Each structure stands twice: as C-alpha cells, then as structure tokens.
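Spelled out, the chains give:
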Amino acid sequence: LAKTTQPISMDSYEGQEVNITCSHNNIATNDYITWYQQFPSQGPRFIIQGYKTKVTNEVASLFIPADRKSSTLSLPRVSLSDTAVYYCLVGAGDPGNTPLVFGKGTRLSVIA
Amino acid sequence: DGGITQSPKYLFRKEGQNVTLSCEQNLNHDAMYWYRQDPGQGLRLIYYSQIVNDFQKGDIAEGYSVSREKKESFPLTVTSAQKNPTAFYLCAARDRGPYGYTFGSGTRLTVV
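Just so you know, the protein sequences line up as chains A and B, in that order. Be aware that the first sequence starts at 51, since it is given in our numbering, and climbs by one per residue. Be aware that the second sequence starts at -7, since it is given in our numbering, and climbs by one per residue.
Since the hints were made in silico from the structure, they are not lab data. Careful: at least some of the hints might be erroneous.
[Claimed, not checked] Calculated lysine-lysine pairs in the DSS-like style (CA-CA distance at most 30 Å, straight line): (1) LYS6/B - LYS53/A; (2) LYS53/A - LYS75/B; (3) LYS6/B - LYS75/B; (4) LYS119/A - LYS1/B; (5) LYS75/B - LYS49/B.
[What the hints assert, rightly or not] A few chain A residues that don't get close to chain B, going by computed Cβ distances all over 12 Å: (6) GLU67; (7) SER73; (8) THR84; (9) LYS119; (10) SER131.
Quick caveat: nothing in here was measured; it's all calculated off a predicted structure. Ideal Cβ positions, reconstructed from N, Cα and C, are used throughout, including at glycine.
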C-alpha cells in the first residue's frame, strides 16, 4: 500500500481557501486517492475521491497532477465548522478490498 | 436510510472482563472493518472481513476477536488479554470497487 505524507496541522481564518497537500510517491497504477473528514468522537466521513486531474463536488475540490505522486484537497471559504482532522488515503483500486491505511491526518483549525 | 449502526455508544469494562461491541450494516456491502483510535492518533486496523465466514487480522489484532456469521453483522470482542483497551472503536463497511468506506458513529470503551 502506498504511504502518504501530509502536514500534521494547519490553521486558517474563516472565509479563506485552505489547501492541504498529500504526497504519495509510491502510488500504484490502479490506486485511487480518497480524502476523509473526522470530527471529534465521530467516524470519518468521505469527502472526495479521484484518480487523476481534477474532481469537484459540493464540498471540496481535489487536484491531482499528471504524475499522481501528490494530491491537494481544496476547501473553499472555510468556516468554523470545517475544523476537523482530514485524512488522505491511497488505494482501493484492487478488487480484493485491501484495507486502507489511515495515517494521523492533518488537523485543521479554523479561527474566527 | 442506509448506514452502519454501532452500539453501545459508551461502554465501561472492568478489569478481566470480555466485552462485545456491535456493528450492523444495511448497505449490503461485502467488506467490513474494525479500527481503533487513541487520542490524537490515526486509525489502526484491528480485524477485517471481506466475505461471510472469513476474516483476517489487522495490525493490532492481539487481545481481540471477531465473527462474521451474517453479511450484516461484524461484532468485535475485546478480551481480557487486551491490556490497554480504553479507546474509540470504529466499524466500517465498503462495497467492491474504488469506493470509500462508510463508518459508524463509534463506541468509546473505558476500563474502570
């Protein structure tokens, strides 16, 4: 399974755009990149998933360069409620449902 | 409304006791997982099951046991052999293909 590296923590003011970058140098051809959000005492929640280029949904955008060795989660105009831990995971492309590995994630603190 | 139901939300265990955490899903997903989360840490895999009547150990299986007699259910037993069981336990399910996990709301286990 490809290992991921992301910043331990980030701070942002309300209304700003936040970009969290994840590096995954050993990503395999059939791997997808998936981001989750976790609030305290809750299970992680799926945010967005992509394979290459750019993916956008109502919550976030995911930018993946051509070499796929990194990815950037972009949260537009964050609010206090976006304060959470964000996990970047790589895998899920195999038919055997090999478990995904969760690192420590990035703790985002949004300040008023 | 499909999802993962974990119960109880809070559980207290005396030293030397076995306790069982419940996880039920109505998503009709093949694969189910148990993770443990300690304060400020990421999720660590305890056990997973890709099909009924089959399961595999994760990274920290010692002191835990599971069963998968039905597709909908994947209970986790924390045995007295688990020396430091106080943690937040998360159950998840996942469909085949590059799809994300769906997590339950978790069970917080405390040894008293």
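Results of checking the hints against the structure:
no.: 1; hint: LYS6/B - LYS53/A; result: violated, 37 Å
no.: 2; hint: LYS53/A - LYS75/B; result: holds, 29 Å
no.: 3; hint: LYS6/B - LYS75/B; result: holds, 12 Å
no.: 4; hint: LYS119/A - LYS1/B; result: violated, 39 Å
no.: 5; hint: LYS75/B - LYS49/B; result: holds, 18 Å
no.: 6; hint: GLU67; result: holds, 24 Å
no.: 7; hint: SER73; result: holds, 16 Å
no.: 8; hint: THR84; result: violated, 5 Å
no.: 9; hint: LYS119; result: holds, 18 Å
no.: 10; hint: SER131; result: holds, 18 Å
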